[in-house]
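**Q** Take a look at the letters that make up each chain.
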Amino acid sequence: MLCEIVDRHGGQATSLLQILIDVQMRFRHVPPRIMTALAGMLHLPRTQVEAVVEFYRFLSVTSVGRFDVRFSDSVTDHLLGSRDLAARLCQRLGVKLGETRVDDAVSIHLTSCTGLSDQGPAALVNGHVLTRLDGDRIVQMADFIDQGMDLDTWPKNWFKVEDQVQLAGLLLEGELPLGASLERALTLHPADIFSEIDRSGLRGRGGAGFKTAAKWRFCYEGEEGAVPGDPTIARYVVCNADEGEPGTFKDRVLLSRNAQDVFEGMTVCAKAIGAQHGFIYLRGEYRYLLDSLLRGLKVRRLRGLLGRNILGVEGFDFDIEIHLGAGAYICGEESALIESLEGKPGHPRNRPPYPVTHGYLGQPTVVNNVETFAAAARIMAYGADWFLSVGTPESSGTKILSVSGDCERPGIYEVPFGSPVSDLLRRCGADDPMGVQVGGPSGTFIGPDEFERILGFEDLPTGGSMMVFSQARDVVAIARSFTHFFAHESCGFCTPCRVGTSLLGQLIDKIAEGHGTPHDLIEMTQLAAIVKNTSHCGLGQTAAHPLMQTLERFPERYQERLKTLFFEPGFDLDGALEVSRQMTGREDAHAHLTQSG
Amino acid sequence: MDQKTLTIDGVELSFDPRQTIMEAAAAAGVYIPHLCHHPDFKPHGSCKLCTVKVNGRFASACTLPAAEGQEVLNKTLELNQLRTRITQMLFVEGNHFCPGCEISGHCKLQATAYGLGMLDSHFPHFYPARRVDASHPDIMLDLDRCILCELCVRASRDMDGKSVFGIAGRGMESHLVVAAESGALVDTLIEVSDRAAHVCPVGAILIKHTAYEKPIGQRRYDHHPIQAALLQEDQGD
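First to last, the sequence lines map onto chains A and B. Anchor point for the first sequence: position 537 equals 536 in numbering that gives the first Met the number 0, and the numbering is continuous, going up by one each time. Anchor point for the second sequence: position 175 equals 174 in numbering that gives the first Met the number 0, and the numbering is continuous, going up by one each time.
Note that these hints are calculated values from the structure, not bench results. Where hints are given, some of them may not hold.
[What the hints assert, rightly or not] Output of the computed footprint for chain B on chain A, the stretches with three or more beta carbons under 8 Å from beta carbons of chain B: (1) 25-34; (2) 397-404; (3) 477-491; (4) 496-505.
[What the hints assert, rightly or not] In silico DSSO-like links for lysine-lysine, alpha-carbon gap of 27 Å or less: (5) A/Lys343 to B/Lys41; (6) B/Lys213 to B/Lys161; (7) A/Lys531 to B/Lys41; (8) A/Lys210 to A/Lys562; (9) B/Lys52 to B/Lys41; (10) B/Lys161 to A/Lys531; (11) B/Lys3 to A/Lys343; (12) B/Lys41 to B/Lys74.
[What the hints assert, rightly or not] Partner residues are not named here, just some residues of chain B that face chain A (Cβ under 10 Å, in silico): (13) Cys35; (14) Pro38; (15) Lys47; (16) Phe57; (17) Leu63; (18) Asn79; (19) Arg82; (20) His124; (21) Leu147; (22) Phe164; (23) Gly165; (24) Ile166; (25) His174.
In this text, a Cβ means the ideal position worked out from N, Cα and C, and glycines have one as well.
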């Protein structure tokens with residue numbers, strides 16, 4: 000059985016993660032003996048196999064239930080009561096959160112944002128998506144699970160995922176004819192492809208905004224002294240579909256309805272840089288899109304748009320493979336993503352060198368966001384001027400936004416770059432918002448006096464997440480949730496992020512629970528600066544943003560929680576005695592300590 | 000050919016184009032605090048103790064290539080305060096009981112803390128439950144003290160060719176694992192003569208039957224502060 004799984008993935012060490020995902024599905028965990036066997040079969044150190052199993056949240060050393068339920072734990076799910084629903088399901092089924100019931104029937108976990116914030120509360124059950132959960136469904140679900148009812152027999156509408164495109168623009172309107180941009184690209188020299196993309200002003204849609212044409216060109220040209228486009232050098236095209244930023248789901252929608260545009264953009268890139276191999280790194284949460292994506296790739300092969308001698312051009316060979324993630328936000332970072340593609344834990348690499356010269360297997364690699372490839376495809380077909388007709392000089396074109404939270408019409412909004420946030424708030428029906436988290440937790444939290452700020456690289460860059468919060472929401476609770484998200488997702492490689500994000504989590508817990516003092520705010524600010532300045536990658540560098548940005552904008556919401564005394568110990572004296580009380584069976588007054596300032 | 004130069008704290012020094020800032024500094028006798036770095040192994044960049052400011056921006060000296068004209072700040076109050084906090088993080092995330100630890104006086108973490116003038120742990124302790132593995136006849140593992148520098152991982156993989164060690168898990172759950180289905184060190188290929196058995200900067204990997212051999216006063220860092228001792232090592236003495 001194991002041999003069959005290994006063979007299916009080509010028996011390469013780089014397929015380790017893909018193999019382990021299948022092993023997990025088959026055995027509901029990865030048993031130690033299988034780790035040993037895999038290490039032998041793939042000629043890998045056993046420690047690497049174990050490291051991978053323990054790194055990804057969707058892999059486990061101990062068995063999960065026959066029904067493995069994972070509630071999306073994004074702030075927007077919280078607002079819709081997800082934690083309460085998870086607790087109720089646990090109670091009905093007699094299982095603790097994070098554990099597997101003794102009869103192996105069910106396990107229930109919380110998981111980072113599943114990319115369904117506009118139709119939550121959401122959950123995954125054995126990798127299938129459940130949307131719009133409510134109390135009634137939880138009751139029925141508990142019965143289905145207890146009766147061991149196959150997922151096929153559960154109500155179909157529970158699994159319904161809607162695109163909810165509320166506003167379409169350059170990328171979402173109309174349909175790009177299959178192969179149209181590729182045919183144009185075939186008439187052009189790589190340099191002309193780069194200059195067309197360059198002229199369009201296209202910048203990376205993942206949020207960082209690096210110029211797409213420059214990235215492609217660097218990859219094509221290679222290091223100083225190299226022969227540009229040297230055909231003996233293997234280059235790779237990677238599509239980053241590890242859309243993990245809480246509140247983002249626009250890539251899910253692009254991959255559901257515009258996958259051909261994405262494939263086409265990747266193929267144009269391959270033509271330009273001279274790559275023969277492409278990957279789509281699809282986050283594990285989107286596994287349910289896999290079959291339709293594979294069908295889409297098959298269509299392209301049949302039409303001669305992928306494979307050998309594409310569109311009859313001798314020597315233009317390119318194909319796309321889909322790799323699945325397995326529950327790790329950090330893999331959205333491009334070098335961590337490449338590590339993951341190579342079958343390793345997703346630890347971001349040291350830079351320089353950068354992926355454009357030393358990426359997948361050390362070879363020149365372009366990593367672009369899903370939306371970037373979709374945009375590149377249409378630019379190639381319709382021309383740079385078409386793209387330049389929308390947006391601002393610094394940020395041309397449109398941005399696809401995922402809107403969720405406290406608004407009437409959550410969903411997908413493709414807006415011109417340069418539009419103010421207030422425009423979007425009006426469109427989505429957000430009355431009286433207290434703030435908007437632009438670009439997810441690693442982005443910017445803005446308050447009402449900033450709603451006229453504009454979306455674009457010159458003011459508010461965003462990967463696409465827009466979470467709206469009404470005046471009724473507790474800003475400290477929101478920042479707390481984001482802070483724990485980063486601590487949970489820290490890869491653990493560098494000290495300041497590994498330890499610092501957890502320390503920040505402790506501090507905000509202390510403040511939110513009413514034990515904080517003015518001293519803690521100073522401490523939090525200093526710690527935030529250390530984590531930001533010394534962390535290895537973007538995760539740590541932005542992990543303190545939610546705390547610092549909300550503290551800056553809403554200091555009174557923090558102040559009102561503080562005690563008047565200057566200092567309180569970082570631990571709960573009475574709480575520390577709990578174990579002793581349990582061991583001695585005591586609950587009398589002398590078994591408790593009071594703590595006062 | 001013109002000799003390339005950069006400055007560290009205003010002092011000009013020349014470097015070889017293939018050197019990192021850390022290597023260039025060590026060659027010139029300038030100490031930059033570090034724990035995960037070791038001149039015999041590929042730079043790692045995880046402990047972040049070697050954080051310096053290069054042309055106004057924070058960077059890890061052990062991984063950033065030296066470049067012409069870089070203005071590096073190293074021994075500043077700001078950087079040393081930051082390094083002290085990072086060292087304190089390493090102390091509170093594990094269980095470090097220096098007074099009773101057999102590596103006390105030989106420990107790079109302890110000596111680095113002394114070197115930075117660290118007087119307390121500052122942060123609340125996590126008190127994690129960590130494993131002790133005494134299964135091997137010659138080598139003992141006490142993960143209470145592991146700082147996840149991966150020197151043993153690199154030594155075992157790159158020098159001993161055995162890949163006995165690895166880091167598994169994620170975030171605060173990251174931990175050292177050994178290459179055995181039983182999880183016990185005795186079932187791995189490690190031998191006491193391996194480089195990996197001797198590279199640990201703290202007391203996580205200990206050689207049995209050698210504890211407390213040197214009395215207080217004769218231990219590695221008793222008379223040489225970490226600066227002097229590490230520079231000797233980095234310069235290959």
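**Q** A separate judgement is required for each hint: does it hold in the structure or not?
**A** Each hint tested on the structure:
| no. | hint | verdict |
| --- | --- | --- |
| 1 | 25-34 | holds (count 3) |
| 2 | 397-404 | violated (count 0) |
| 3 | 477-491 | holds (count 6) |
| 4 | 496-505 | holds (count 7) |
| 5 | A/Lys343 to B/Lys41 | holds (18 Å) |
| 6 | B/Lys213 to B/Lys161 | violated (31 Å) |
| 7 | A/Lys531 to B/Lys41 | holds (25 Å) |
| 8 | A/Lys210 to A/Lys562 | violated (49 Å) |
| 9 | B/Lys52 to B/Lys41 | holds (22 Å) |
| 10 | B/Lys161 to A/Lys531 | violated (36 Å) |
| 11 | B/Lys3 to A/Lys343 | violated (37 Å) |
| 12 | B/Lys41 to B/Lys74 | holds (24 Å) |
| 13 | Cys35 | holds (9 Å) |
| 14 | Pro38 | violated (17 Å) |
| 15 | Lys47 | holds (5 Å) |
| 16 | Phe57 | holds (5 Å) |
| 17 | Leu63 | holds (8 Å) |
| 18 | Asn79 | violated (12 Å) |
| 19 | Arg82 | holds (9 Å) |
| 20 | His124 | holds (8 Å) |
| 21 | Leu147 | holds (7 Å) |
| 22 | Phe164 | holds (6 Å) |
| 23 | Gly165 | holds (3 Å) |
| 24 | Ile166 | holds (6 Å) |
| 25 | His174 | holds (8 Å) |
Hints 2, 6, 8, 10, 11, 14 and 18 from the earlier list are contradicted by this structure; the remaining hints agree with it.
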